[in-house]
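Participant: Respectively, the protein sequence lines represent chains A and B.
Sequence positions in the first sequence follow numbering that gives the first Met the number 0 and run 0 to 99.
Sequence positions in the second sequence follow numbering that gives the first Met the number 0 and run 0 to 461.
In case anyone wonders, no lab produced these hints; they're calculated from the structure.
Be aware that one or more of the hints could be misleading.
If we take Cβ atoms under 7 angstroms as the criterion, some of the chain A residues that face chain B in the derived model are [said to hold, decoys possible]:
1. 10
2. 21
3. 22
4. 29
5. 30
6. 34
7. 40
8. 60
9. 62
10. 70
11. 71
12. 81
13. 83
Note that the Cβ used here is the ideal one computed from N, Cα and C, for glycine as well.
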Amino acid sequence: MAADVWTALFIAILAAFTGYEVISRVPVLLHTPLMSGSNFIHGIVLVGGIVALGFATTPLEEAIGLLAVIMGAMNVTGGYVVTERILAMFDRSKRPGARP
Amino acid sequence: MIAWVGTVIDAVYVVAVIAFILGLKAMSSPETARRGILYAGVAMLVAVAVTFATGGLGNFALIALGVFIGGGAGWYWARVVKMTDMPQMVAIFNGMGGGAAAAIAAVELLTSLSAGATTGLSLAGAIIGSISIAGSFIAFSKLQGWLPGRPIVLPARQVVNFAVLLVGVGFGGAAVVVAQAFYLLPFFVLLLVYGILLTLPIGGADMPVVISLFNALTGVAVALDGFALVNGPLGDAGYAMVIAGTLVGAAGSLLTLLMARAMNRSLGNVLFGAFGSGPDTGGPVTGSLKPIDVADAAVLMEYSGQVVIAPGYGMAVAQAQQKVKELADALEARGVTVKFAIHPVAGRMPGHMNVLLAEAGVSYDKLFDRDEINPELAHTDVALVIGANDVVNPAARRTGSALQGMPILDVDQAKNVIVIKRGQGKGFAGIENDLFYKDNCRMLYGDAQHVVGELVQAVKKA
Numbered sequence: 000m001a002a003d004v005w006t007a008l009f010i011a012i013l014a015a016f017t018g019y020e021v022i023s024r025v026p027v028l029l030h031t032p033l034m035s036g037s038n039f040i041h042g043i044v045l046v047g048g049i050v051a052l053g054f055a056t057t058p059l060e061e062a063i064g065l066l067a068v069i070m071g072a073m074n075v076t077g078g079y080v081v082t083e084r085i086l087a088m089f090d091r092s093k094r095p096g097a098r099p
Numbered sequence: 000m001i002a003w004v005g006t007v008i009d010a011v012y013v014v015a016v017i018a019f020i021l022g023l024k025a026m027s028s029p030e031t032a033r034r035g036i037l038y039a040g041v042a043m044l045v046a047v048a049v050t051f052a053t054g055g056l057g058n059f060a061l062i063a064l065g066v067f068i069g070g071g072a073g074w075y076w077a078r079v080v081k082m083t084d085m086p087q088m089v090a091i092f093n094g095m096g097g098g099a100a101a102a103i104a105a106v107e108l109l110t111s112l113s114a115g116a117t118t119g120l121s122l123a124g125a126i127i128g129s130i131s132i133a134g135s136f137i138a139f140s141k142l143q144g145w146l147p148g149r150p151i152v153l154p155a156r157q158v159v160n161f162a163v164l165l166v167g168v169g170f171g172g173a174a175v176v177v178a179q180a181f182y183l184l185p186f187f188v189l190l191l192v193y194g195i196l197l198t199l200p201i202g203g204a205d206m207p208v209v210i211s212l213f214n215a216l217t218g219v220a221v222a223l224d225g226f227a228l229v230n231g232p233l234g235d236a237g238y239a240m241v242i243a244g245t246l247v248g249a250a251g252s253l254l255t256l257l258m259a260r261a262m263n264r265s266l267g268n269v270l271f272g273a274f275g276s277g278p279d280t281g282g283p284v285t286g287s288l289k290p291i292d293v294a295d296a297a298v299l300m301e302y303s304g305q306v307v308i309a310p311g312y313g314m315a316v317a318q319a320q321q322k323v324k325e326l327a328d329a330l331e332a333r334g335v336t337v338k339f340a341i342h343p344v345a346g347r348m349p350g351h352m353n354v355l356l357a358e359a360g361v362s363y364d365k366l367f368d369r370d371e372i373n374p375e376l377a378h379t380d381v382a383l384v385i386g387a388n389d390v391v392n393p394a395a396r397r398t399g400s401a402l403q404g405m406p407i408l409d410v411d412q413a414k415n416v417i418v419i420k421r422g423q424g425k426g427f428a429g430i431e432n433d434l435f436y437k438d439n440c441r442m443l444y445g446d447a448q449h450v451v452g453e454l455v456q457a458v459k460k461a
């Protein structure tokens with residue numbers, strides 16, 4: 000395999016441990032925003048969709064690429080708005096001495 | 000391409016990745032969570048924007064059209080959806096990500112079918128992405144009520160499912176080996192079918208695990224696409240996808256296992272067990288169902304020191320959360336301590352009950368996890384169960400029960416238990432609830448929203 004792919008593999012291993020460490024102590028309260036927030040983050044797939052469509056040459060590739068961009072854009076905006084709506088509700092109940 | 004443009008794009012991706020990690024990290028506390036998602040959101044916006052400046056990129060009109068359609072639809076839909084419909088929304092947006100990953104992999108495969116180096120990774124991304132979108136769509140349909148929530152069990156499903164998966168992957172392998180793009184069609188069709196078949200036998204109560212799992216899978220698919228892209232014209236976007244995708248894959252897997260563990264079941268059992276379709280495995284129940292009316296229930300709670308409310312999916316169905324909040328307020332006005340007991344898998348997605356109660360305005364410091372509230376239940380005067388069933392079923396402590404070993408809310412330890420329930424049906428697991436027959440348990444039949452509304456009136460009047 001090409002050198003870049005090996006580099007990406009090393010990066011992926013570190014990212015996997017980071018993902019595990021970063022959320023290992025999330026309270027039940029925040030399970031939904033954690034899920035929809037990570038849903039939003041994999042919306043980075045939109046960037047891949049833009050690249051796929053941007054370099055597409057045949058009509059078939061363009062059609063599939065367009066589909067990728069539409070779905071990716073939906074993932075990223077939907078994921079963000081859902082997460083923000085839920086967190087806005089938790090925000091309202093902010094009070095001193097609240098449980099972490 | 001002008002050299003510094005590429006550098007700027009790369010730098011933006013690096014900053015975006017840092018913001019994603021910090022955004023996830025901020026999710027560990029309600030004080031910081033909102034700031035976290037804002038940072039991640041800004042980073043995402045900038046990352047997407049700079050991608051347009053990539054050298055050699057074409058089809059700008061189509062890209063803009065796609066972003067406009069998809070972004071507009073996602074934004075609008077997420078804005079108007081009711082909080083009670085949130086589980087299926089999360090499922091469908093996640094499915095869209097899986098679909099996008101599968102589509103990108105398809106383009107990759109079409110353009111570099113014979114190139115070799117990363118076709119295997121693209122195939123893997125296509126497989127996982129396809130399963131994720133098809134499965135998420137079935138999960139959405141079940142939650143939306145388009146399909147029955149009960150497990151749909153087809154004959155010989157294990158064999159058929161495995162065959163579909165095997166033949167589908169076979170077509171993918173063949174497409175690569177003989178560099179024949181036509182084989183990609185049956186490859187994608189069969190994998191979508193596999194995603195559907197995989198999800199159909201999984202019942203509604205297992206949805207917290209499934210939604211979380213598909214979220215993790217989409218993350219992995221995105222990462223695999225990223226692997227394929229690092230060799231392509233825009234290598235560094237690939238690295239950003241690898242990191243973000245893997246991050247989500249790891250975090251999502253952890254959440255998935257947490258959900259499965261909350262039911263004391265393995266992920267394999269959730270996925271392949273068709274839980275809830277079997278016969279009643281409960282033992283003989285003794286005692287009788289003892290009804291109580293609204294007036295008596297109200298009096299019982301008014302003169303309590305502490306009332307613990309245990310909500311379940313039934314509260315969501317009846318949209319009773321607002322009335323429940325009013326009841327808690329009315330009781331507190333009379334000096335009663337009110338706490339909420341939240342089981343990790345109550346409802347249809349992780350944290351479902353917390354979201355609904357927060358929407359109704361219940362302060363989150365009144366919401367307690369199972370481990371926090373269980374020791375308190377023994378000195379609680381009234382445990383009020385609203386639309387929860389399996390998560391409060393003491394049959395879980397009995398050997399041989401289908402629920403055996405599932406950690407439950409110990410509401411039966413309270414001095415009195417009042418169960419608000421629509422009818423005399425069984426819980427999702429399809430087994431009799433021992434709790435309802437206990438001496439300290441009273442049944443309050445009716446629609447949760449209606450009944451709790453009456454309780455509020457009764458408590459206020461007294």
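Participant: Output the numbers, in ascending order, of every earlier hint that fails for this structure.
Facilitator: 9
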